[in-house]
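Given the coordinates of chain A, assemble chain B onto it according to the supplied hints.
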Amino acid sequence: MQKIKRFLTKHKSISLYIFFIFVSILLIIITSNAPFTEVKGAGIDIFSPAQEFFSNMGTWFSETINSIGKLQQTKLELEKTRAKLLEYERISENIIRIKQENLQLKELLDFSRQINFKYIPAEVIAKQPGNTFSIFKLNKGSNDGVRKDMAVVAQNEGLTGLVGKIIDVGSNYCTVIPLYNSSCYVAARLEISRNDGLVNGLGENNDNIIMTNVNKDAIEEIQSGDKIITSGLGELFPKNIYIGYVESIISEAYNSSLEIYVKPVIDFAKLEYVLIIDTE
Amino acid sequence: MDKNIKLVIISIPIIAFCQFLQSSSIFDFISVSGVKPDISLIILIFIAYNNGSVSGQTIGFFNGLIEDFLSLSSLGFYSLIRTTLGFLYGIFEGSFTIDPVIIPVLFTLFGTILKKIMEWFLSSIFSVSLLNTILFDSTFWIEILYNCILSSFIFALLKLFKIFSPQDRSVTDGI
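Chains as they are written, first to last, in my numbering: chain A, 1 to 280; chain B, 1001 to 1175.
Mixed in with the good hints, there may be bad ones.
[As the list claims (entries may be wrong)] Here are the simulated DSS-like pairs of lysine-lysine, each with C-alpha atoms no more than 27 Å apart in a straight line:
| # | chain 1 | residue 1 | chain 2 | residue 2 |
| --- | --- | --- | --- | --- |
| 1 | A | K12 | B | K1003 |
| 2 | A | K263 | A | K227 |
| 3 | A | K227 | A | K80 |
| 4 | B | K1159 | B | K1003 |
| 5 | A | K239 | A | K227 |
| 6 | A | K12 | B | K1162 |
| 7 | A | K5 | B | K1162 |
| 8 | B | K1006 | A | K5 |
| 9 | A | K239 | A | K99 |
| 10 | B | K1006 | A | K10 |
| 11 | A | K12 | B | K1006 |
| 12 | A | K216 | A | K263 |
| 13 | B | K1003 | A | K10 |
Hint data in this document are derived by calculation from the structure and do not stem from the laboratory.
Bound conformation, chain A alone (with noise of 0.2 Å):
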């Protein structure tokens, strides 16, 4: 014992070193298991304040200095906002009819399945200290309903498009993966061609996606500025959300589907405030 004593003494730093290298190795091999993810969801209850206070004072910082710019900015907006109001009350009229309609061919189609969706609004309040990681913070958790696996949603010039998923919770926030991680994966379907696909993150900065999976012969069917959405396929995410525009489409003579590189609806940059789905 007074050997090991006096040998640990002696070289103090590397022992030192390989106790918490076999710590942290312990820990990684422990919290890839999904059960010890508890541990990290208490840890985003503990350091998620702190993380909300500093981003309650940089949205301070910066609402106070673009507030002048914004006055104008909203002047012009409310113009627009007033003329597009017209079309939509013409619109809205067809909109009527035609609801009327599908209900009746769902009628007569024998559809019995609901889909009823609880919405939870939450706000961003951190993103990845570094730059290794892409994830997102919100300010609810647990206790406002949330669940692992939820799909997050926002608004973006009238359309809702898709965000991404929960993967942490804890008990008033939680963590979401976005779109653009190359470890999201989405099943879609393009909305006019109504082909199906897979789209997943290209794991950039510049919020670029990809659609894969993609029948080739449908490559005479699809356009660019085309609209994709999620089709619902495996239950992961709700169906009809918005997932981007088609940029551009490669057609490579060794792939035996397309390429579709998808420019996202949501602009990740400027994302402030979210919905969850709740689909229970």
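Frame of chain A; chain B shown alone:
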């Protein structure tokens, strides 16, 4: 109180403060192409080099653990990386005289490169999903450049504080 313990107790919250700032929207204003500087890394390098590997790796371990809680990584991922960085820079304690520009830039350059290589290496071993699957991409180079530019200023700022300087602490403790 032992001077190392005092240094560790003071340094951990300071670096944690920087990590919280890095994760807030404040740093989005100063990011370049979405890349933020890693100020907490620069501070760790300075403290580890000036105070030895015991302090350096202890501070690195706990701050790495905080970063694990703040990020998508598994617990232990960043604590392993920052412990190693703290240990390595601590080994070279006092070997070089820190000039205002070249040494901070070189230290930060090697520290950032080593951090990136370790992130990529550990993610391969433990199957941790990274934002960037390519090691030497634009994010890598921008972060290195940004960290190197800020390193001289941060080193100069930290030199003003006696607690981080071993010589001044020796005088203060009457040794």
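Looking at the structure, which of the earlier hints fail to hold?
7
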